[in-house]
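Colleague: Here is what each chain is made of, one letter per residue.
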Amino acid sequence: MINSENAVLEARDVTIRYGGHAAVKNVNLSIYEKKITAIIGPSGCGKSTLLRSLNRMNDFIDHVTQDGEILYRDTNLYDEGVDPVEVRLHMGMVFQRPNPFPKSIFRNVAWGPTINGLPGDINLRVERALKQAALWEEVKDRLDDSALNLSGGQQQRLCIARALAMEPEVILMDEPCSALDPVSTARIEDLLFELKQNYTIVIVTHNMQQASRVSDYTAFMESGTLIEYGDTDQVFTRPKQKRTEDYVTGRFG
Amino acid sequence: MTLLAASKYRWGEAILRQLFFVCAFISVLTTVIVIGILAVETSSFFEEVSVTDFLFGTEWRPLLEPKAYGILPLLGGTMLIVVGSSIVALPVGLACAVYLSEYASDRARNIIKPVLEVLAGIPTVVYGYFAISFVTPGLRLVFDDVQIFNAASAAIVVGVMVLPMVASLCDDALRSVPSSLREGAYSVGATSYEVTARVVVPAALSGIFAAFVLAVSRAIGETMAVTLAAGATPNLTLNPLESIQTMTAYIVQVSLGDTPSGGLAYKTLFAVASVLFTITLVMNLLANKVMRKYQEVYE
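In the order they appear, the protein sequences are chains A and B.
Note that the numbering used here gives residue 236 to position 236 of the first sequence, counting from 1, and the numbers run on in steps of one.
Note that the numbering used here gives residue 211 to position 211 of the second sequence, counting from 1, and the numbers run on in steps of one.
Be aware that one or more of the hints could be misleading.
Calculated pairs, PhoX-like style, for lysine-lysine (alpha carbon to alpha carbon, straight line, at most 25 Å) [claimed, not checked]: (1) A:103 x B:67; (2) A:103 x B:293; (3) A:25 x A:242; (4) A:140 x A:103; (5) A:34 x A:242; (6) A:140 x A:35.
For each label pair, taking beta carbons as the anchor points, the in silico distance ranges come out as [said to hold, decoys possible]: (7) B:106 x A:178: 27 to 35 Å; (8) B:123 x A:223: 54 to 62 Å; (9) B:288 x A:114: 33 to 41 Å; (10) B:117 x A:33: 49 to 57 Å; (11) B:193 x A:26: 35 to 43 Å; (12) B:115 x A:60: 21 to 29 Å; (13) A:223 x B:285: 50 to 58 Å; (14) A:86 x B:144: 48 to 56 Å; (15) B:95 x A:237: 57 to 65 Å; (16) A:6 x B:179: 33 to 41 Å; (17) B:24 x A:60: 39 to 47 Å; (18) B:95 x A:114: 44 to 52 Å.
Counterexamples of contact, computed for chain A against chain B with all Cβ distances above 12 Å [said to hold, decoys possible]: (19) 44; (20) 63; (21) 90.
None of these hints come from the bench; they were simulated from the model.
Glycine included, every Cβ here is placed at the ideal spot set by N, Cα and C.
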């Protein structure tokens with residue numbers, strides 16, 4: 001479908017059910033290295049469920065069953081021998097609403113690397129992550145303040161720093177700007193371009209402008225089915241499917 | 001003619017409103033009366049016994065000669081029960097709540113929760129009997145020198161008695177921690193244990209603390225089990241295997257006896273009750289304050 005590049009993650013015939021209801025149906029999708037892949041679609045189309053399957057976050061939801069494979073460089077993340085904790089060391093995640101821990105700014109970022117015993121100086125690691133998340137200048141003098149005192153946009157950048165401090169290969173973002181104002185949203189979009197140099201990013205968004213602005217590839221889902229996947233330019237300007245066209249031109253959704 | 005009908009007086013509503021007010025007022029009135037009587041009787045007690053003797057005296061012998069009115073033995077007895085029951089109820093209750101909220105499947109939860117509620121519904125006199133007929137003989141198998149009535153046995157059953165409350169309140173506190181916080185912790189490679197011990201429990205700490213304070217308050221006020229199992233020996237001791245007497249048990253003992261009303265012995269009831277009331281009131285206020293603080297954190 002897309003010219004041969006390095007696929008970091010590959011979903012093969014993935015079907016995810018909540019009880020009897022299939023939220024994701026037979027999806028095949030490749031995520032390419034150091035690119036931004038956007039997953040768009042109307043509410044309830046299964047895009048977040050698909051995203052959460054990439055770091056085994058659905059493990060915590062009762063009655064979820066999954067068929068098919070998610071290959072991470074040839075290893076199926078759902079193989080019996082695979083430790084889900086290990087999976088999440090490689091796939092960081094940023095959530096819909098900022099969810100910092102009720103701890104200090106420093107501890108929010110340092111916690112993950114500390115419990116996992118990542119090497120190197122923790123202070124440097126925290127500083128680097130906060131700089132990458134474009135938050136350092138705002139918080140460097142109050143690292144011991146509670147993270148809950150930060151604004152929503154700052155909290156979300158802190159959550160990005162928290163993910164970056166783990167130095168994952170992939171960062172999964174589940175509508176990271178949906179709870180933010182336009183200024184904070186713009187800052188995070190700028191940040192995505194910076195992060196793309198070092199990280200592979202998958203972003204779920206219901207905001208089509210955002211998808212067209214930031215992503216290299218766009219996947220359009222509807223009712224659990226992957227309708228179309230391709231270069232973002234192509235999906236938005238020359239969609240191959242009628243339903244994609246209807247959606248991106250705003251005829252529904 | 002206007003568009004809207006003229007307002008009319010609704011008799012039914014007015015009467016109901018008054019009725020509800022009366023109900024609310026009765027509870028306030030009762031409290032005020034209880035506090036008033038306690039205050040009057042206690043102050044007349046202090047006309048005959050000095051406050052210092054009462055609060056710092058180490059002998060409690062109000063019914064026999066030579067008389068002594070130091071409350072410390074009763075306070076010490078109550079504290080032995082509080083400490084002992086806390087050792088049982090707080091860790092086990094918290095662990096139980098952690099299991100229920102973080103680990104248990106829906107099925108396990110649906111079995112354990114009702115069982116805990118049954119435990120909470122057992123009459124306290126049954127616990128008292130259980131202490132005498134089961135816990136004390138058990139203790140005697142393990143330790144020498146266990147008196148028939150002893151603090152340890154009562155403390156253990158009081159612990160079991162408050163356990164459901166601790167578990168239930170801690171469970172509420174843990175469940176009020178948003179699941180997004182757990183997901184955030186899992187997303188940086190934490191194990192279930194790390195998520196629970198280092199994120200969820202700390203985030204719920206004020207709720208857990210409030211649960212502990214309420215449990216202690218409940219143990220202080222517990223009457224029937226300690227009256228039956230802990231004995232009636234005002235005894236300033238740290239040895240839980242000895243017979244003691246708590247403030248509540250003293251009140252029961254004197255109330256049941258033939259102490260003439262109006263005498264000094266009768267007034268000791270109110271003095272002891274005042275101390276009991278003050279302690280539990282302070283504990284409950286403290287718990288409320290802590291609870292309110294933690295409710296503010298996640299809204």
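Colleague: All the hints need checking, so say for each whether the structure fits it.
Modeller: Hint by hint, here is what the structure shows:
For the proposed pair residue 103 of chain A and residue 67 of chain B, the alpha carbon gap of about 57 Å is over 25 Å, so the pair is violated. For the hint linking residue 103 of chain A to residue 293 of chain B, the alpha-carbon distance of about 16 Å falls within 25 Å, and the restraint holds. Among the hinted pairs, residue 25 of chain A with residue 242 of chain A is consistent with the structure: their alpha-carbon atoms are about 19 Å apart, no more than 25 Å. For a cut-off of 25 Å, the pair hint linking residue 140 of chain A to residue 103 of chain A stands: about 16 Å separates their Cα positions.
Restraint check for residue 34 of chain A and residue 242 of chain A: the C-alpha separation of about 30 Å exceeds 25 Å, so the hint is violated. Of the supplied pair hints, the one linking residue 140 of chain A and residue 35 of chain A is violated, its CA atoms being roughly 30 Å apart against a limit of 25 Å. With their beta carbons about 30 Å apart, residue 106 of chain B and residue 178 of chain A fall inside the hinted range of 27 to 35 Å. Taking 54 to 62 Å as the suggested C-beta distance range, the pair residue 123 of chain B and residue 223 of chain A conforms, at roughly 57 Å.
Take residue 288 of chain B and residue 114 of chain A: their Cβ atoms lie about 36 Å apart, and the range 33 to 41 Å holds. Taking the beta carbon of each, residue 117 of chain B and residue 33 of chain A are about 55 Å apart, inside 49 to 57 Å as hinted. In this structure, residue 193 of chain B and residue 26 of chain A meet the distance hint of 35 to 43 Å, their C-beta atoms being roughly 36 Å apart. Range check, residue 115 of chain B to residue 60 of chain A: Cβ separation about 26 Å, and the 21 to 29 Å hint holds.
Under the hint 50 to 58 Å, the C-beta atoms of residue 223 of chain A and residue 285 of chain B, about 55 Å apart, fit the expected range. About 54 Å separates the C-beta atoms of residue 86 of chain A and residue 144 of chain B, a value consistent with the hinted range of 48 to 56 Å. At about 59 Å, the beta-carbon gap between residue 95 of chain B and residue 237 of chain A stays in the expected band of 57 to 65 Å. Hint check: residue 6 of chain A to residue 179 of chain B, Cβ distance near 34 Å, so the stated range 33 to 41 Å holds.
Against the hinted window of 39 to 47 Å, the Cβ-Cβ separation of residue 24 of chain B and residue 60 of chain A comes to about 44 Å, which satisfies the hint. With their beta carbons about 25 Å apart, residue 95 of chain B and residue 114 of chain A fall outside the hinted range of 44 to 52 Å. Even its closest Cβ contact with chain B, about 19 Å, leaves residue 44 of chain A beyond 12 Å, as expected for a residue assigned away from the interface. Not every beta carbon of chain B lies more than 12 Å from that of residue 63 of chain A, the smallest distance being close to 10 Å; the non-interface claim is violated.
Non-interface call for residue 90 of chain A relative to chain B: violated, since the shortest CB-CB distance, roughly 9 Å, does not exceed 12 Å.
In terms of the numbered hints stated before, the structure departs from hints 1, 5, 6, 18, 20, 21, listed from lowest to highest.
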